[in-house]
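A.B. asks: Working from the sequences, and respecting the hints, build out all of it.
For the sequence shown, my numbering begins at 1 and goes up steadily by one.
Be aware that a few hints might be false.
Unchecked claim - Now the in silico label distances, taken between C-beta atoms and shown as ranges:
no.	residue 1	residue 2	range
1	Met-1	Thr-86	30 to 40 Å
2	Met-1	Met-85	12 to 22 Å
3	Asn-66	Leu-13	31 to 41 Å
4	Glu-93	Asp-55	13 to 23 Å
5	Ala-83	Met-1	16 to 26 Å
6	Leu-13	His-65	28 to 38 Å
7	His-65	Thr-86	14 to 24 Å
8	Leu-13	Asp-46	30 to 40 Å
9	Asp-55	Val-35	26 to 36 Å
10	Val-67	Leu-13	11 to 21 Å
11	Ala-91	Glu-20	30 to 40 Å
12	Leu-13	Gly-45	28 to 38 Å
13	Asp-46	Cys-14	17 to 27 Å
14	Ile-33	Ile-68	29 to 39 Å
None of these hints come from the bench; they were simulated from the model.
Glycine residues also receive a C-beta, built at the ideal position from the N, C-alpha and C atoms.
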Amino acid sequence: MYKHVAEAFVSVLCAECVAEKVCARSSELCRSIGVTGADKLLDFGDARAILRPTDEGLLFRVEAHNVITFYGIRTLLQGSLSAIMTVYEEAFEWLPASGVPFGAIRGHV
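C.D. replies: Quick look at the structure:
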């Protein structure tokens, strides 16, 4: 179980393509990138990120044991997305989460 967990949603067109590009930009910094259904799973060793494309946009979930790694991965994902397209800072609202992936963000999308 991870100590630090948060989720965010960003409205984007072609979320699947954007998720692929974010993964490509992050690939050198993570151990592996896996795919489960539509989800992209980025393994950072003591942390992980899940990207889930939807018809409305892209869901992000970051889970980490260490707070520095937690914020580092969030910054990596936001920076990767900003390098791909124009994203306003207020577009990212990270919500504390636990349990089922994307359970915290569902009520806010």
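A.B. asks: All the hints need checking, so say for each whether the structure fits it.
C.D. replies: Quick rundown of the hints versus the structure:
1. Under the hint 30 to 40 Å, the C-beta atoms of Met-1 and Thr-86, about 36 Å apart, fit the expected range.
2. Checking the proposed 12 to 22 Å range against Met-1 and Met-85 shows it is violated: the Cβ atoms sit about 33 Å from each other.
3. The hinted window of 31 to 41 Å between Asn-66 and Leu-13 holds, with their beta carbons roughly 34 Å apart.
4. In this structure, Glu-93 and Asp-55 meet the distance hint of 13 to 23 Å, their C-beta atoms being roughly 20 Å apart.
5. As the Cβ distance of Ala-83 to Met-1 is approximately 32 Å, the hint placing it in 16 to 26 Å is violated.
6. Leu-13 and His-65 have their C-beta atoms about 34 Å apart, which keeps the hinted 28 to 38 Å range intact.
7. Hint check: His-65 to Thr-86, Cβ distance near 33 Å, so the stated range 14 to 24 Å is violated.
8. Remark: the range hint 30 to 40 Å for Leu-13 to Asp-46 is upheld by a beta-carbon distance near 34 Å.
9. A beta carbon spacing of about 19 Å between Asp-55 and Val-35 contradicts the range 26 to 36 Å that was offered as a hint.
10. Between Val-67 and Leu-13 the C-beta distance comes to about 33 Å, which lies outside the given range of 11 to 21 Å.
11. Checked against the hint of 30 to 40 Å, the C-beta distance between Ala-91 and Glu-20 comes to roughly 19 Å, which is inconsistent with it.
12. Hint check: Leu-13 to Gly-45, Cβ distance near 33 Å, so the stated range 28 to 38 Å holds.
13. Separation of Asp-46 from Cys-14 is about 32 Å and departs from the stated range, judged on CB atoms against 17 to 27 Å.
14. The given range of 29 to 39 Å is broken by Ile-33 and Ile-68, whose C-beta atoms sit roughly 22 Å from each other.
Going through the hint list in order, the structure does not satisfy hints 2, 5, 7, 9, 10, 11, 13 and 14.
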